[in-house]
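S.K.: With chain H's structure known, arrange chain E on it following the hints.
2 protein chains.
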Amino acid sequence: MELLEQRILADGRLLPGGILKVDNFLNHQMDPMLLQAIAKEWKRLFDGEGVNKILTIEASGIAMAILVGLEFGCPVVFAKKSKTKNLSDSLYQTEVPSFTHGNTNTVVVSKAYLGPGDRVLLIDDFLATGAALIGLKALVEQAGATLVGAGAAIEKRFQGGGDKLREAGVRVESLARIVEMDDTGIKFG
Amino acid sequence: MELLEQRILADGRLLPGGILKVDNFLNHQMDPMLLQAIAKEWKRLFDGEGVNKILTIEASGIAMAILVGLEFGCPVVFAKKSKTKNLSDSLYQTEVPSFTHGNTNTVVVSKAYLGPGDRVLLIDDFLATGAALIGLKALVEQAGATLVGAGAAIEKRFQGGGDKLREAGVRVESLARIVEMDDTGIKFG
Numbered sequence: 001m002e003l004l005e006q007r008i009l010a011d012g013r014l015l016p017g018g019i020l021k022v023d024n025f026l027n028h029q030m031d032p033m034l035l036q037a038i039a040k041e042w043k044r045l046f047d048g049e050g051v052n053k054i055l056t057i058e059a060s061g062i063a064m065a066i067l068v069g070l071e072f073g074c075p076v077v078f079a080k081k082s083k084t085k086n087l088s089d090s091l092y093q094t095e096v097p098s099f100t101h102g103n104t105n106t107v108v109v110s111k112a113y114l115g116p117g118d119r120v121l122l123i124d125d126f127l128a129t130g131a132a133l134i135g136l137k138a139l140v141e142q143a144g145a146t147l148v149g150a151g152a153a154i155e156k157r158f159q160g161g162g163d164k165l166r167e168a169g170v171r172v173e174s175l176a177r178i179v180e181m182d183d184t185g186i187k188f189g
Numbered sequence: 001m002e003l004l005e006q007r008i009l010a011d012g013r014l015l016p017g018g019i020l021k022v023d024n025f026l027n028h029q030m031d032p033m034l035l036q037a038i039a040k041e042w043k044r045l046f047d048g049e050g051v052n053k054i055l056t057i058e059a060s061g062i063a064m065a066i067l068v069g070l071e072f073g074c075p076v077v078f079a080k081k082s083k084t085k086n087l088s089d090s091l092y093q094t095e096v097p098s099f100t101h102g103n104t105n106t107v108v109v110s111k112a113y114l115g116p117g118d119r120v121l122l123i124d125d126f127l128a129t130g131a132a133l134i135g136l137k138a139l140v141e142q143a144g145a146t147l148v149g150a151g152a153a154i155e156k157r158f159q160g161g162g163d164k165l166r167e168a169g170v171r172v173e174s175l176a177r178i179v180e181m182d183d184t185g186i187k188f189g
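Same order as they appear, the protein sequences are chains H and E. Going by our numbering, the first sequence opens with residue 1, and the numbers climb by one from there. Going by our numbering, the second sequence opens with residue 1, and the numbers climb by one from there.
Read the hints as simulated data drawn from the structure, not as lab findings. Mixed in with the good hints, there may be bad ones.
[Stated by the list, open to error] Taking beta-carbon pairs under 7 Å as the criterion, some of the chain E residues facing chain H (in silico): (1) Gln29; (2) Pro32; (3) Leu34; (4) Leu45; (5) Asp47; (6) Ala59; (7) Ala63; (8) Val77; (9) Tyr113; (10) Val170.
Using N, Cα and C, we set each Cβ at its ideal position, and we do this for glycine too.
Chain H with its partners taken away, still in its complex shape (with noise of 0.2 Å):
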């Protein structure tokens, strides 16, 4: 998505360790006219799906899975942080290594708002290792759900978290693909 590649070059900072920064934009400071085009960017991808629920994970998806949910006029669920690791009998869970932070999130979802009927579309702003979408596609299993598919705003190939996804059968549709990037610069591909 041409747009998004713009804005990447012209906001994005990188920052030693292979981060890059795009919280003027995306993730602190969001641009919602930004974030509404890549959700109809999604919904065009994913058009005639029956995409009947968006998944996310708090808190940088939440927004554009909100917008995401507007296109498709179905209901938006994001999965929660966990302060307790107890199993509950009313919430599926499952556990989220974070690649920036170097811990591990028990996320849950409430097994009312995921069920056997819904047909789902993942939705996160980054897919680097694939943690996030991996552990919110086991909620998606764990409810007997269907997977429909998943959207990442900014894809970073070589850390093969999207290709691992792919592996697994599911449809990922990244809209900014980076395959290198250091002091000079950051190739799309």
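M.R.: Same frame as chain H, now just chain E:
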């Protein structure tokens, strides 16, 4: 706002301890069409006030805030819960006690995304003790920005936060104001 009050009566659940659960349409599973109607109502109420930035707090305020930002055509910033209490030169920060969880969060906003030129509208899903909005107000003051007002979807008036903010001179526009709730039901006013 009739639409929101009716939805609370239809789908909200009262739990012991003064908790109103609206997690089937507002803050776990979310209805994007309802949230858009809420955003349009705030646009109507704060139109002509020169709002050029929306500020909310993660996680449950983000969905409403991005839709409000879309209405105003301006950036949306969400204050992040910080894992450290260490002061950073690049961040505004304040403490926000949580009524629901009984703890206190340090919340931060990058200085790059809030400044003297900003006319800020605060957005959140709930207004009870007012702690979250009071924290966001403190961040706006640290930045030297102008606080235009605050929009809360549901105000629990009997917890006093809204009136405290109004007495401090903040224009607060809540869309469903609960004056009483107990086993027998919810009273708006």
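S.K.: Any hints this thing doesn't respect? Which numbers, in order?
M.R.: 3, 4, 5, 10
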